[in-house]
Amino acid sequence: MRKRNIQTNIRMTEDEINKIKKKAKSANMTFSNYVISSALNNEVIVIDGIKDFTHQLSKVGTNLNQITMLCHQGKITVPDITETNKFLNDLWEYLVSIRKRKK
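Each residue of the sequence shown is one higher than the one before, counting from 1 in our numbering.
If you're looking for bench data, these hints aren't it; they were derived computationally from the structure.
Accuracy of the hints is not assured; some may be wrong.
Dumping the calculated DSSO-like pairs for lysine-lysine here, alpha-carbon to alpha-carbon at most 27 Å [what the hints assert, rightly or not]:
#, residue 1, residue 2
1, K51, K100
2, K21, K3
3, K86, K59
Pair ranges (Cβ atoms, derived) [unchecked claim]:
#, residue 1, residue 2, range
4, S97, T8, 33 to 39 Å
5, S58, T13, 23 to 29 Å
6, K86, K25, 48 to 54 Å
7, T77, I98, 33 to 39 Å
8, N18, L70, 45 to 51 Å
9, L57, K25, 37 to 43 Å
10, S38, L64, 37 to 43 Å
11, Q7, G61, 42 to 48 Å
12, I81, E16, 37 to 43 Å
13, N41, Q7, 18 to 24 Å
14, E16, M69, 37 to 43 Å
The beta-carbon is built from N, C-alpha and C at its ideal position, and this holds for glycine as well.
Using the sequences provided together with the hints, build the complete structure.
Set out below in structure tokens:
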């Protein structure tokens, strides 16, 4: 039988700890055993390039907000969203390439 002789602390909200305790109880496990089992047996998926993707997506949102504002101000009536549409298509292709790399 292994002896766990190292103690560590993690910070969590009261809601998080209550949810974990509830899950541990329903699994008939101690809190410690549940947390250790979850950490060691569940795979965390890391997507390379996700920061760049979210940055690009934020830029699209900014562009769309600017177009919407100009429409509401009456400065443009039929917005030329060709550039934004191309940007969205490039972003979509990038997302698909990230997904293919993970398979």
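>> Is 45 to 51 Å respected by the C-beta to C-beta distance linking N18 and L70?
In response: Because 48 Å falls inside the window, the suggested range holds.
>> Given a hint of 18 to 24 Å, does the C-beta separation of N41 and Q7 actually sit inside it?
In response: Distance hint for N41, Q7 holds at roughly 21 Å.
> Between T77 and I98, does the beta-carbon spacing fit 33 to 39 Å?
Replying inline: holds, 37 Å
> Can the suggested window of 23 to 29 Å be confirmed for the beta-carbon pair S58 and T13?
Replying inline: Check passed, 26 Å falls within 23 to 29 Å.
> Lying within 37 to 43 Å: is that true of the beta-carbon distance S38 to L64?
Replying inline: holds, 39 Å
>> Can you confirm whether the C-alpha distance between K21 and K3 stays at or below 27 Å?
In response: Judged against 27 Å, a Cα distance of about 22 Å means the pair holds.
> That 37 to 43 Å hint for I81 and E16 (C-beta), does it hold up?
Replying inline: holds, 42 Å
> When you check the alpha-carbon spacing of K51 and K100, does it fall within 27 Å?
Replying inline: holds, 17 Å
> E16 and M69, beta-carbon distance inside 37 to 43 Å?
Replying inline: Holds, at about 39 Å.
> Going straight from one Cα to the other, do K86 and K59 come out at no more than 27 Å?
Replying inline: Distance of about 13 Å is within 27 Å: holds.
> Does the Cβ-Cβ separation between K86 and K25 fall within 48 to 54 Å?
Replying inline: holds, 53 Å
>> Range first: 33 to 39 Å. Now tell me if the beta carbons of S97 and T8 are that far apart.
In response: holds, 38 Å
Comparing the model with each earlier hint shows no violations; every hint is respected.
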